[in-house]
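2 protein chains.
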Amino acid sequence: MTRFALTVEFDGAPFFGLQRQADGPSVQQCIEEAAHAVTGETVTLHSAGRTDSGVHALAMRCHLDIEKPFEPFRLLQALNAKLRPDPVAIIGCEIKPDDWHARFSCIGRSYEYRIRNRRAPLTLEKGRAWHIARPLDADAMHEAAQALVGNHDFTTFRSAHCQSASPVKTLDRLDVSREGDAIIIRAAARSFLHHQVRSMVGCLSLVGQGTWGIDQLAHALEAKDRAALGLNAPPEGLYFVKATYPQED
Amino acid sequence: MTRFALTVEFDGAPFFGLQRQADGPSVQQCIEEAAHAVTGETVTLHSAGRTDSGVHALAMRCHLDIEKPFEPFRLLQALNAKLRPDPVAIIGCEIKPDDWHARFSCIGRSYEYRIRNRRAPLTLEKGRAWHIARPLDADAMHEAAQALVGNHDFTTFRSAHCQSASPVKTLDRLDVSREGDAIIIRAAARSFLHHQVRSMVGCLSLVGQGTWGIDQLAHALEAKDRAALGLNAPPEGLYFVKATYPQED
Chain X
315 MTRFALTVEF DGAPFFGLQR QADGPSVQQC IEEAAHAVTG ETVTLHSAGR TDSGVHALAM
375 RCHLDIEKPF EPFRLLQALN AKLRPDPVAI IGCEIKPDDW HARFSCIGRS YEYRIRNRRA
435 PLTLEKGRAW HIARPLDADA MHEAAQALVG NHDFTTFRSA HCQSASPVKT LDRLDVSREG
495 DAIIIRAAAR SFLHHQVRSM VGCLSLVGQG TWGIDQLAHA LEAKDRAALG LNAPPEGLYF
555 VKATYPQED
Chain G
315 MTRFALTVEF DGAPFFGLQR QADGPSVQQC IEEAAHAVTG ETVTLHSAGR TDSGVHALAM
375 RCHLDIEKPF EPFRLLQALN AKLRPDPVAI IGCEIKPDDW HARFSCIGRS YEYRIRNRRA
435 PLTLEKGRAW HIARPLDADA MHEAAQALVG NHDFTTFRSA HCQSASPVKT LDRLDVSREG
495 DAIIIRAAAR SFLHHQVRSM VGCLSLVGQG TWGIDQLAHA LEAKDRAALG LNAPPEGLYF
555 VKATYPQED
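If you read the sequences in order, they're chains X and G.
The first sequence maps to residues 315 to 563 in our numbering.
The second sequence maps to residues 315 to 563 in our numbering.
The following block holds chain X by itself, in its conformation from the complex (with noise of 0.2 Å):
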């Protein structure tokens, strides 16, 4: 048995989310086909995140462990094969030792959320940012961000479908930049909660606009309670970027 780590690539749009659902097509579901098909073994994917549906993936982390011998390059090569057309990815591929997992070993989760600020429909980024028309104020929303930064009782941008254990989680990061007309937010900790991170950029964009005061996110975190979320993003504009680990990078 040989513990395979891959780095996978992903346009969520036609997925139900990585992991898989009893409903509709997932992430999940293709690679372990595409592993099957491949090895005639039946594996189970581990990732270092769950996303929802709709949300991509630029380098997710995740391993699957198979029985018979391969050279990493050519797994890669031959799950890539049997993925097409599906827009699925193996971007990396590289051998772990067996107490290695994609997502218990993984200490820190990045994500960027991508805004188009304009008055003009989306062309090319269609499915691929948010749009929204209103001017934003990236300054204003990201003062208000470092409210959030820190280890808080994280309840008000939680999912009512949350299986964390507690709502308290340490925000390490929650940078938002204005280039040309997209607005960037990025985001970092060692784990989330259930739509936390949409959450976040749904109450941010509510300060951009100028409906929400910079302090009223705040009052939102301390109100913790669901109840005080302001709005939640939509998945389109959300993409992990980055799963570390000990002794990467």
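One or more hints might be untrue.
Which copy? The list can't say, so a pair holds if one copy fits it or any two copies do.
As the list claims (entries may be wrong) - Dumping the calculated DMTMM-like pairs for lysine to aspartate or glutamate here, alpha-carbon to alpha-carbon at most 20 Å: (1) K440 <-> D400; (2) K556 <-> D495; (3) K538 <-> D467; (4) K440 <-> D379; (5) K556 <-> D337; (6) K382 <-> D453; (7) K382 <-> E408.
No lab work stands behind these hints, which were simulated from the structure alone.
Since the structure of chain X is already known, use the hints to place chain G on it.
This is chain G only, laid out in the frame that chain X set:
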């Protein structure tokens, strides 16, 4: 009669090009039909460049004449409302003097060509870049490209369907740079021949793979013969990025 200059962004994938075609949908047809729906007038769209089927634009410049008075911002909003759900967006609209012409007043055109250079197939950038799996040497490509800069007979890089009176053009810029696993080729000239950018990029890809030596691009240029063309790059990597006019910028 008022002349309106439009700045247009579009995803070229579903279109048979910018210009009206007898056999399929075009960007011109979409905008003319939207303008008719808004104004009740039959208008003709003129554009800085003609793009092939599948080629994208980030900021194509066009103009049309309208009899009814319109505030530019209202016209922009009304056109965008009628253009939905086609992937065409009016991102700028301004009134110009009657002698301003999107095509004939244009003194500079810029294109970008995007290559993703990696083993894995594309997911999020599918249809937005040319996927080349074999490693490319961007420095060699840039060096070879400089032989094309200047005033030359570009017959080798000209489509058989090109309607330009002369194959002699002045290429102001042809820069190749690597950004991670992306290779970006930036081309600027007063005007280009039909297929010129894609023909130049196709040959540069052969230099990048080592199939052609650095000097071979100069030899192909000197041949002044379409048969000396190495390869015509596919349309999906090409973006029209800028049209320049006197007294702008």
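Right, here's what the structure says about each hint:
Both within a single protomer and between protomers do K440 and D400 lie at most 20 Å apart by alpha-carbon distance, with minima of 18 Å and 11 Å respectively. Proximity of K556 and D495 under a CA criterion of 20 Å is satisfied inter-copy only: 17 Å between copies versus 24 Å inside one chain copy. In this assembly of identical chains, the alpha carbons of K538 and D467 lie at most 20 Å apart only when taken from the same copy (7 Å versus 70 Å across copies). For a Cα distance limit of 20 Å, the shortest separation of K440 from D379 qualifies neither inside one copy, at 36 Å, nor across copies, at 30 Å.
In this assembly of identical chains, K556 and D337 lie within 20 Å of each other by CA distance neither inside one copy nor across copies; the values are 28 Å within and 46 Å between. In this assembly of identical chains, the alpha carbons of K382 and D453 never lie at most 20 Å apart, being 53 Å within a copy and 41 Å across copies at closest. For the identical chains of this complex, K382 and E408 are intra-copy neighbours only, at 15 Å inside a copy versus 65 Å across copies, given an alpha-carbon limit of 20 Å.
In this structure, the hints that do not hold are numbers 4, 5 and 6, in rising order.
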